[in-house]
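> The lines below spell out each chain.
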Amino acid sequence: LRRRGRRGSKMAANMSNVEDIRSRVLLGEFGVKNVHTTDFPGNYPGYDDTWDMQRFQKNFTMDIVDLDENCMEFDMVGIDAAIANAFRRILLAEVPTMAVEKVFIYNNTSIIQDEVLAHRLGLIPIKADPRLFEYRNSGEDAGSEIDTIQLQLKVKCSRNPRASKDSSDPQELYLNHMVYSGDMKWMPIGNQADVFADANIGPVHDDILIAQLRPGQELDIIMHCVKGIGKDHAKFSPVATASYRLLPEITLLEPIEGEKAERLKRCFSRGVIHLEELNGKKVAMVVNSRLDTCSREVLRHDDLKNLVKLGRVRDHFIFTVESTGVLPPEVLVTEAIKVLMTKCQRFLNELDNTDME
Amino acid sequence: MAGEGEKKPVLEMVQADGADEGCVTFVLHDEDHTLGNSLRYMVMKNADVEFCGYSITHPSESKINFRIQTRGGIPATEPLRKGLNDLSDVCQHVLNTFQVRFCILEIGRSRCELTS
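Chain order of the listed sequences is A and B. Take the first sequence: its position 159, counting from 1, is numbered 159 in this note's numbering, and each next residue is one higher. Take the second sequence: its position 67, counting from 1, is numbered 67 in this note's numbering, and each next residue is one higher.
Take these hints with a grain of salt, some might be off.
[To be verified] Only pairs whose alpha carbons sit at most 27 Å apart, straight line, appear in this in silico DSS-like list of lysine-lysine:
hint: 1; chain 1: B; residue 1: K82; chain 2: A; residue 2: K156
hint: 2; chain 1: A; residue 1: K58; chain 2: B; residue 2: K82
hint: 3; chain 1: A; residue 1: K338; chain 2: B; residue 2: K63
hint: 4; chain 1: A; residue 1: K127; chain 2: A; residue 2: K58
hint: 5; chain 1: B; residue 1: K63; chain 2: A; residue 2: K33
hint: 6; chain 1: A; residue 1: K185; chain 2: A; residue 2: K165
hint: 7; chain 1: B; residue 1: K63; chain 2: A; residue 2: K231
[Stated by the list, open to error] Computed beta-carbon distance windows for the label pairs:
hint: 8; chain 1: B; residue 1: I107; chain 2: A; residue 2: L209; range: 55 to 61 Å
hint: 9; chain 1: A; residue 1: A193; chain 2: B; residue 2: C103; range: 31 to 37 Å
hint: 10; chain 1: B; residue 1: L105; chain 2: A; residue 2: P161; range: 54 to 60 Å
hint: 11; chain 1: B; residue 1: F51; chain 2: A; residue 2: P328; range: 40 to 46 Å
hint: 12; chain 1: A; residue 1: H205; chain 2: B; residue 2: C103; range: 42 to 48 Å
hint: 13; chain 1: A; residue 1: S16; chain 2: B; residue 2: F51; range: 29 to 35 Å
hint: 14; chain 1: A; residue 1: G258; chain 2: B; residue 2: I107; range: 57 to 63 Å
To be clear, the hints were calculated from the coordinates, so they are not data collected in a lab. Glycine is no exception: its CB is placed at the ideal position from the N, C-alpha and C atoms.
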């Protein structure tokens, strides 16, 4: 049971550190301070913290740092943790995908048990755009062309007649002894052959090993894929993972030079601290705090720990989204934002309906 | 306001007898921290709201109790409606900003498809 309501700030707020309390998470030696958002109306005298859409739009920026076909890293600045976390949770659990749900096993003489095989088949990511399909109505056993994808896996292992007599390599001795996800063939139903003529529907990766067979064993399986969300079963999650971290901030309280600067540089991740030559001495400067992993190693050195202030910027989120390949990561992010909008709309409609009664 | 018969309830309002319209507990079905925490943040940003909090009554049931207490006799559905609208507007703005950024990146890589 968790109740979240208004909380007072735990640090004494005087003029000099009010901005710090409002916008930074402080990383101390024994704990982390100022974690919660406190800028609600009434908490800080002299500040107007009422929601102002104009101010939000002025302060909000996004920046896509890195993008390739499966992984994306982007920054969101000026938004609160509650909403950033909502996007992360939706990316993990509420963006729909297609995955194998029903497995009809006509013949399985391999040593992999039926249920284990069905479980493995369900976890294989299926490359089909879930936006073009609908959810299957519960209670309907037979799927139709708008909500089901049918796949077939039919593999029989046999002895290789051309293998040499004294070889012991299974690659040479047997034919079809490894069943890969590339052996799953799409069987279009209804008008799917026309609608998806150029999109080849099937598993995202061809080289996922499903089972191993020996001569005489065979698999004859038909699979039905349906649309679902990660909340229901993790196989429907469209991301390998989606996570965010806050931007670290390292402030040097006084100039650090010489041997101390060398030790300071080793306390942080590579590339964070750079040693500059000034008047013949090496002086430490913070070059790129974004690369730091915030291990707080510097706080373990007694002579360095009071010279540095470690913190995180509370409204700067560095998101990393890695897709399983079903949808490109930028599409996943847009779909996640739309899911949150749909949730709000659902309750707004419900409020309107109850008001009209 | 609660669902009757076959229809599953989506939103219920629970109010103590004798209390004014400003103190209401809303029961949001099929929701969890995803909407609960973000909506709580948007409602707390409203200066008319004296108290706003949510709790998950039991982890096995997917519903949240969302309580709003207003000052000045304002009915509690107003900050709720404003919070939902503001959250929806925030999402729309984030979506627009992201799509603009993505298009700029793609133009920089000399190909652009604006997906809507």
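> Is 42 to 48 Å a correct range for the gap between the Cβ atoms of H205(A) and C103(B)?
violated (29 Å)
> Given the hint that K63(B) pairs with K33(A), does the C-alpha gap stay at or below 27 Å?
Violated, at roughly 31 Å.
> Straight-line Cα separation of K63(B) and K231(A) no greater than 27 Å?
holds (14 Å)
> Just to be careful, I want the Cα atoms of K127(A) and K58(A) compared with a cutoff of 27 Å; is the pair within it?
violated (39 Å)
> Is 29 to 35 Å respected by the C-beta to C-beta distance linking S16(A) and F51(B)?
Since the Cβ atoms of S16(A) and F51(B) sit about 31 Å apart, the hinted range of 29 to 35 Å holds.
> Indicate whether the distance between the beta carbons of I107(B) and L209(A) respects the range 55 to 61 Å.
Cβ of I107(B) to Cβ of L209(A): about 41 Å, so the range 55 to 61 Å is violated.
> Please verify whether K82(B) and K156(A) have alpha carbons no more than 27 Å apart.
Given pair K82(B), K156(A) is violated - Cα atoms ~62 Å apart, limit 27 Å.
> Could you see if the CB distance from G258(A) to I107(B) stays within 57 to 63 Å?
The hint (57 to 63 Å, Cβ to Cβ) is violated, given that G258(A) and I107(B) are roughly 48 Å apart.
> Take the C-beta atom of A193(A) and the C-beta atom of C103(B), compute their distance, and say whether it sits inside 31 to 37 Å.
Holds, at about 34 Å.
> When you check the alpha-carbon spacing of K185(A) and K165(A), does it fall within 27 Å?
With Cα atoms ~34 Å apart, K185(A) and K165(A) exceed 27 Å; violated.
> Is the hinted range of 40 to 46 Å satisfied by the C-beta distance from F51(B) to P328(A)?
holds (43 Å)
> Do L105(B) and P161(A) keep their Cβ atoms within the hinted range of 54 to 60 Å?
Between L105(B) and P161(A), where Cβ atoms are some 55 Å apart, the hint holds.
Consistency note: the structure conflicts with the earlier hints numbered 1, 4, 5, 6, 8, 12 and 14.
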